[in-house]
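J.: Residue numbers for the sequence shown follow our numbering, so the first one is 117 and each next one is one higher.
Be a bit skeptical, because a hint or two may be false.
[As the list claims (entries may be wrong)] For each label pair, taking beta carbons as the anchor points, the in silico distance ranges come out as:
1. Gly-154 x Ser-131: 30 to 36 Å
2. Gly-154 x Leu-126: 38 to 44 Å
3. Tyr-118 x Lys-152: 46 to 52 Å
4. Ile-151 x Tyr-118: 45 to 51 Å
5. Leu-148 x Tyr-118: 40 to 46 Å
None of these hints come from the bench; they were simulated from the model.
Since this is a predicted model, take the numbers as computed values, not measurements.
Using N, Cα and C, we set each Cβ at its ideal position, and we do this for glycine too.
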Amino acid sequence: MYKKYIKRFLDILLSLSVLILFSPLLLLTAILVRIKLG
Numbered sequence: 117m118y119k120k121y122i123k124r125f126l127d128i129l130l131s132l133s134v135l136i137l138f139s140p141l142l143l144l145t146a147i148l149v150r151i152k153l154g
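From just these sequences and the hints, can you work out the full model?
T.: Rendered as structure tokens:
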């Protein structure tokens, strides 16, 4: 019964850490696009 909750928790944790890791890259991309398009 607990396995389902543990898996869900780990999934959320993993996606959050990936999001935190890639946020500077996404921010940089957004800034570059904004500069290119004006």
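J.: Between Gly-154 and Ser-131, is the Cβ distance one that fits in 30 to 36 Å?
T.: This hint holds: roughly 33 Å between Cβ atoms.
J.: Is the gap between the beta carbons of Ile-151 and Tyr-118 within 45 to 51 Å?
T.: For Ile-151 and Tyr-118 the Cβ distance comes to about 49 Å; the hint holds.
J.: Please check whether Tyr-118 and Lys-152 have a Cβ separation lying inside 46 to 52 Å.
T.: For Lys-152 against Tyr-118, whose Cβ atoms are near 49 Å apart, the range 46 to 52 Å holds.
J.: 38 to 44 Å was suggested as the range; check whether the CB atoms of Gly-154 and Leu-126 agree with it.
T.: Given a distance of about 43 Å, which is inside 38 to 44 Å, the answer is holds.
J.: Does the Cβ distance between Leu-148 and Tyr-118 fall inside 40 to 46 Å?
T.: 45 Å, holds
When each numbered hint is compared with the structure, no violation occurs for any of them.
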